[in-house]
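Undergrad: Listed below are the residues making up each chain.
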Amino acid sequence: MILRRPFFYLILVIAALFVYLPLHGNNVSLREDLILVAIAIILASNLNLMIGYTGYVNFGHIVFYGLGGYVGLYLATVRGWNLVLSALVAGLAVSVCALLFGLLILRLRGAYFALATIGILQAVQAFVSNFDPWGRSTGMYLSFDAYAPLGGAMHALWITYYLIIAVMALSMILSLVIKNSKFGLGLFAIREDEDAAVVLGVNATVYKAIIYSVSAFLPAVAGALMFYKNGMIDPSIAFEYMLSLEGIVMLMLGGQGAVMGAALGAALYEKLRSFLLTSPSLSNFHLVIAGGLLLLVVLFAPGGLMGWLYRIAPRARTVIE
Amino acid sequence: MSGVLASMIDGLLVGAVYGLAAMGLSLIWGVMDVINLTHGAMIALGMFGMYLLFGALASNAYVLLLPVMVAGLLLGIVVYWMSVHRVVGRPMLMSLLSTFAVNMMVIGIGTAIWSTSPYNVNFSLPGITLGAYTFTGNHIAAAIGAVVIALALQLFLYHTRTGKAIRAVADNREAAELMGISTTAVLTIAFGIGIALACTSGALVSTLFPFTILSGGTYQLKSFVVTILAGLGKPFGALVAGVLLGLLEGVVTPFIAVSWIPLIEFGLFVVVLVAFPQGIFGKRATA
Numbered sequence: 000m001i002l003r004r005p006f007f008y009l010i011l012v013i014a015a016l017f018v019y020l021p022l023h024g025n026n027v028s029l030r031e032d033l034i035l036v037a038i039a040i041i042l043a044s045n046l047n048l049m050i051g052y053t054g055y056v057n058f059g060h061i062v063f064y065g066l067g068g069y070v071g072l073y074l075a076t077v078r079g080w081n082l083v084l085s086a087l088v089a090g091l092a093v094s095v096c097a098l099l100f101g102l103l104i105l106r107l108r109g110a111y112f113a114l115a116t117i118g119i120l121q122a123v124q125a126f127v128s129n130f131d132p133w134g135r136s137t138g139m140y141l142s143f144d145a146y147a148p149l150g151g152a153m154h155a156l157w158i159t160y161y162l163i164i165a166v167m168a169l170s171m172i173l174s175l176v177i178k179n180s181k182f183g184l185g186l187f188a189i190r191e192d193e194d195a196a197v198v199l200g201v202n203a204t205v206y207k208a209i210i211y212s213v214s215a216f217l218p219a220v221a222g223a224l225m226f227y228k229n230g231m232i233d234p235s236i237a238f239e240y241m242l243s244l245e246g247i248v249m250l251m252l253g254g255q256g257a258v259m260g261a262a263l264g265a266a267l268y269e270k271l272r273s274f275l276l277t278s279p280s281l282s283n284f285h286l287v288i289a290g291g292l293l294l295l296v297v298l299f300a301p302g303g304l305m306g307w308l309y310r311i312a313p314r315a316r317t318v319i320e
Numbered sequence: 000m001s002g003v004l005a006s007m008i009d010g011l012l013v014g015a016v017y018g019l020a021a022m023g024l025s026l027i028w029g030v031m032d033v034i035n036l037t038h039g040a041m042i043a044l045g046m047f048g049m050y051l052l053f054g055a056l057a058s059n060a061y062v063l064l065l066p067v068m069v070a071g072l073l074l075g076i077v078v079y080w081m082s083v084h085r086v087v088g089r090p091m092l093m094s095l096l097s098t099f100a101v102n103m104m105v106i107g108i109g110t111a112i113w114s115t116s117p118y119n120v121n122f123s124l125p126g127i128t129l130g131a132y133t134f135t136g137n138h139i140a141a142a143i144g145a146v147v148i149a150l151a152l153q154l155f156l157y158h159t160r161t162g163k164a165i166r167a168v169a170d171n172r173e174a175a176e177l178m179g180i181s182t183t184a185v186l187t188i189a190f191g192i193g194i195a196l197a198c199t200s201g202a203l204v205s206t207l208f209p210f211t212i213l214s215g216g217t218y219q220l221k222s223f224v225v226t227i228l229a230g231l232g233k234p235f236g237a238l239v240a241g242v243l244l245g246l247l248e249g250v251v252t253p254f255i256a257v258s259w260i261p262l263i264e265f266g267l268f269v270v271v272l273v274a275f276p277q278g279i280f281g282k283r284a285t286a
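Just so you know, the sequences run in chain order Z and G. When we follow numbering that gives the first Met the number 0, the leftmost residue of the first sequence carries the number 0, and every step to the right adds one. When we follow numbering that gives the first Met the number 0, the leftmost residue of the second sequence carries the number 0, and every step to the right adds one.
Think of the hints as simulated: they come from the structure by calculation, not from any bench. Here a beta-carbon is modelled for each residue, glycine too, at the ideal position from N, C-alpha and C.
For the chain Z half of the interface with chain G, some residues (derived, Cβ under 7 Å), not all of them: (1) Ala110; (2) Leu114; (3) Asn129; (4) Val287; (5) Leu294.
Only part of the chain Z face toward chain G is listed, based on derived beta-carbon distances under 10 Å: (6) Tyr111; (7) Glu245; (8) Gln255; (9) Gly290; (10) Leu293.
Covered by chain G, per the in silico footprint, the following chain Z stretches (three or more residues, Cβ under 8 Å): (11) 49-59; (12) 103-109; (13) 115-124; (14) 271-285; (15) 297-311.
Bound conformation, chain G alone (with noise of 0.2 Å):
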């Protein structure tokens, strides 16, 4: 019984990760009305950024988050201009192509450098033991990194003039852009932090997990799920619906084969995504 119970803290702390990831999906996907497909080409350069950072460096991990966090933002202010711009507003479908192309290219050009073979971050922190159980000081470290974010990311956006303009091209741009808000200047800062969370959460999944250039597919679909199950542009919303989904994972790891877990979880997805299009703790439709 306390194997489960073990396994749930841990799936909590992976979870909160999870939450971590989809903020970036959920903001972008928000305030612009475009679903970000680079997202998981954006961890796993994230993790890479993290991987070479610790090479070259080796000082410690939760630190280089920073440098990973500012070069994210960098990132996305490019990929904004190079594939973004001229789609925003336009059919979704023009979106969905063209921040998957960028996708095929990251994932392209990550694969020709590091084949697809597993790279890990050698670091780790001493870890709590109780009883028979170690949870290991990097889940724990990376759950209170994530939820730092989380708070940090609901201060800026609730009570900083960017924050709040951010919010109002969210709700309606045409408005926004009369009352004096520059929407394209917003746009780009949005896309930028959305990806500059997206490589964050990478990096510290990195300090997790071993990882490939290709698992960021794998984290870009559970940000689909959290961020269906938490409704659009919530930072807590979204930390909440990762933890349950990190729960989730835990409370079934220890009775069925891993190779499952997929299966349950697309399940969940397609099954939430149907029943609640508006997320569990967004707003009912009007129209």
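For reference, chain Z alone in the conformation it holds in the complex (with noise of 0.2 Å):
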């Protein structure tokens, strides 16, 4: 099924070439740069999975990510698991835990949802930012020979860099499934109109808690991943509220609703955001440029740019999904 859609395939080039690019001449900060693009998708494809699918606006989304990388971090420092085991642990974990945040908010609906997410992250961080085992405000730090399993910290790093990518491509490819399944007719069927769906069938509160689980999962495991590659956490880098709402930038940018439109607009962003903050002259400004292009993003052409690649040629829709 999924296998005959051709944007499946264009998937697999695009994880290949970000393979395949820093490799080439080993390329180290090429790697380090692509590996910032890669967690942009990640991000922006699974926020698609609430705001572009569902309709509901996710400001607090970082809060996965950061629980990931403490999760994660946990387990493989204390606890002392070897690393792609607790990154999926860590993915797991904070599943469930939004899993009961889910059934908690998702009975507000609209805006309502919305602050609610704002609370979620600023009680999560809160809490984090409390938390004796996790290191309180200062974090937790990984020694390094915890990178000696994967064969020293050169190792490490690439071998995280290749999950990483991994995780890039399933973020997609989940994209991609659930946007060609009942289950994401359904959540479209709520986008539109919450009350029809759920008269015509839908069960609205199972599937926003599962999408809202589900958007979690990913997110995580990219956190445990790149926290582990950093070796240290902190509250303020973990739940970064920034990044929380440049992910809706980027979704914005690219297209919500669209897979492609994620990726796209999480690497197009990513991409001018290291310009600007490289810039020395437009380095204070970065925020202001992107608060200006998701206001005319979203007062001119609340489409993005593959609404209007869309527009222009109608049949893309049918390739770049």
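Got two chains here, each in a separate frame; can you build the complex from them with the hints?
TA: Now the structure itself:
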């Protein structure tokens, strides 16, 4: 089924490029650039499941990434588990956590839900900042020999890079699979008109709780990998509100609802951001420019780049989903 | 024991300012169904407006509230035409995002000018001493200011033609338009007043605590809590809910570490949001 979608193979090509490009000539600085792009794509793609597919704005999406990082780093250092296992368990733990939050706050609709997600983010951050086993506000550090099982730090960095690329590809494939499933149609129905969807037999409560929990899994895995790679975590890095919000900018820029939209927006925005942050005259204004961009997209092109592409070339819809 | 009482009284005074901050958010939300995510940034601009004016004129800080308020009104009108007018009546996602975009721009510019280091307004009134405890004059004056402004807003909304028009538009925009009310003008004014209230509360807060350009975020979240508690568009409801929140902070502060307070507040926020989506003082939903 999924193998028949041309876009599936495009995702594989993109992932292969991400793997091949930095390997060619052992280009470490390119790898570090691409890893940020990959993280942005992971966050934006999974956020798209909530905003683009279901029509529920999650301002606190970063909470999954940060919690995943904490659980993963805790398991890898304090418990001494191997990296892949601790990342997967972190993903599962955060998904379960999201399911519980979801059952609580998904009774709220529209803007009320969006506000509650800000509350969740702040509450979790406040909790973690006071949680002793996770080092309170100073966070946790990875000792250098934690990389030994993966063959030393240099190998470990490459291995985590490949794993993050794999998570990126999985994020896009997950979006594609959901988009082409009956479950996805149910989500679209909720987005268009929740009451009508319920009347037509969509179990909105269950659908919303599931998608909220699913959208937590891969960001949490990515968080575990990323913070393992960085070797340290603290509450202000893990739950960076700005990153959570920039995820929304990426998604709107690329085009919410489209799998490629999330990825394209994330890649472009990440490039733009690193250009602005490193440019001496503009580095102070990257938020201003990002905000201006978001405003223009929201006011004049709510479909984003993909919306524009679909309008000028409607047949592109069948290939680039 | 009297320590707790003193802490409660102080919480009550600060809570009145929380209430004032929330009134602006609640007014805009109630009238045009827009959750104004520039709120925190506008509170921060109010703080820095006070800082700049006080630095330049060095007069009584409470006299400077008036120019801050007027500037806030004008700023609100600009922000309305820039980001809100096109999205009023569209899905709420759009207005959330467009006001949020303005928020990012203001915070970005503010960070570039003032960085994120703390500032303060060096102005103090003599306090009142009761036994071993002193209540600073600034806290008392800020609370009085908040109550006076709430009263003025209440009178404006219920006893002037413009105020009645604002309430009519909040109740039913189409019907109000059919009655000959220019909704665009009313929405512009209401948004301007909402921002003016946010800036004024920021200016009052700047006389109480040190602040950074990011401080507005804290008060924005407190405003959400207060607005949810109070229900929409009720100045006195917001004041009472603000005082309750301040009181809660005052009661807990002596017993637990300050760093836990956000957890309690946001926990409360989520619980109230889920349990009372119409606000504790609000009407029960019929639909």
